[in-house]
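**Q** Sequence:
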Amino acid sequence: MLKRALEDLDSELAAYRKLSGMLDEQFQTAKRLDTTSLVQVGDAIAQEVARLDQRRRARMQLLHVATTLANRLPAAKSKLARQALEKRCAELKQLAMQCKASTLRNGQLLASQYDIMQRVLRGEQHTYAPG
Numbered sequence: 135m136l137k138r139a140l141e142d143l144d145s146e147l148a149a150y151r152k153l154s155g156m157l158d159e160q161f162q163t164a165k166r167l168d169t170t171s172l173v174q175v176g177d178a179i180a181q182e183v184a185r186l187d188q189r190r191r192a193r194m195q196l197l198h199v200a201t202t203l204a205n206r207l208p209a210a211k212s213k214l215a216r217q218a219l220e221k222r223c224a225e226l227k228q229l230a231m232q233c234k235a236s237t238l239r240n241g242q243l244l245a246s247q248y249d250i251m252q253r254v255l256r257g258e259q260h261t262y263a264p265g
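In terms of my numbering, the sequence shown opens at residue 135 and continues consecutively.
Because the hints were derived from the structure by calculation, they are not lab data. Just so it is clear, CB atoms sit at the ideal spot from N, CA and C, and this is done for glycine as well. Any given hint might turn out to be false.
Said to hold, decoys possible - Label-pair distances were calculated between CB atoms; the ranges are:
id, residue 1, residue 2, range
1, K234, S145, 18 to 28 Å
2, G176, R138, 29 to 39 Å
3, E141, A245, 34 to 44 Å
4, L167, E220, 42 to 52 Å
5, R191, G155, 18 to 28 Å
6, A184, L238, 18 to 28 Å
7, K213, R138, 16 to 26 Å
8, K221, S154, 12 to 22 Å
9, Q181, K227, 15 to 25 Å
10, S171, L140, 31 to 41 Å
11, A180, D249, 17 to 27 Å
12, S246, L140, 40 to 50 Å
13, G176, K211, 42 to 52 Å
Model the full assembly from the supplied sequences, consistent with the hints where possible.
**A** So, in structure tokens, the structure goes:
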């Protein structure tokens with residue numbers, strides 16, 4: 135069970151690294167104003183996030199069981215197992231925070247591009263207001 139938990143965490147780490155790369159690609163694509171690629175990257179990100187969310191529920195249950203089992207092992211083995219779990223969990227948390235920061239960065243860029251485009255197409259609201 136512990137081995138499976140560690141393997142699942144390794145799989146999650148790989149998925150979050152992939153998501154991080156996809157978010158960086160989205161940022162670069164947005165900077166180039168490549169709308170076709172931006173839609174494709176956005177769809178791929180949405181699919182990956184859905185997969186991660188689905189696996190998250192199962193991972194939480196598995197980690198609970200794995201932690202319980204680790205606590206029942208002899209002290210030396212328990213300590214090593216707990217350290218391995220904690221290390222992977224900390225790395226996963228760090229990657230999740232990195233992805234969240236990248237998502238905010240991308241959202242701010244896209245919102246600012248939208249705002250600029252609206253001003254270009256429609257002008258400033260106060261520019262043509264009756265005086």
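**Q** Could you see if the CB distance from Q181 to K227 stays within 15 to 25 Å?
**A** Check passed, 23 Å falls within 15 to 25 Å.
**Q** Is 18 to 28 Å respected by the C-beta to C-beta distance linking R191 and G155?
**A** Distance hint for R191, G155 holds at roughly 24 Å.
**Q** Go ahead and decide if the range 31 to 41 Å is satisfied by the Cβ distance of S171 to L140.
**A** 36 Å, holds
**Q** Assuming the hint says 42 to 52 Å, is it satisfied by the Cβ distance from G176 to K211 or not?
**A** 45 Å, holds
**Q** Range first: 42 to 52 Å. Now tell me if the beta carbons of L167 and E220 are that far apart.
**A** Given about 43 Å between the Cβ atoms, the range holds.
**Q** If you check the beta carbons of G176 and R138, does the distance land in 29 to 39 Å?
**A** 33 Å Cβ-Cβ, so the 29 to 39 Å window holds.
**Q** Confirm or reject the claim that E141 and A245 have a C-beta distance inside 34 to 44 Å.
**A** Holds: the Cβ-Cβ distance is about 39 Å, inside 34 to 44 Å.
**Q** If I claimed the Cβ atoms of S246 and L140 lie 40 to 50 Å apart, would that claim hold in this structure?
**A** 42 Å, holds
**Q** For the range 12 to 22 Å, tell me whether the beta carbons of K221 and S154 fit it or not.
**A** 19 Å, holds
**Q** If I claimed the Cβ atoms of K234 and S145 lie 18 to 28 Å apart, would that claim hold in this structure?
**A** 20 Å, holds
**Q** Given the hint of 18 to 28 Å, is the C-beta distance from A184 to L238 inside that range or not?
**A** 20 Å, holds
**Q** Please check whether A180 and D249 have a Cβ separation lying inside 17 to 27 Å.
**A** 23 Å, holds
Consistency with the previously given hints is maintained throughout, with no hint failing.
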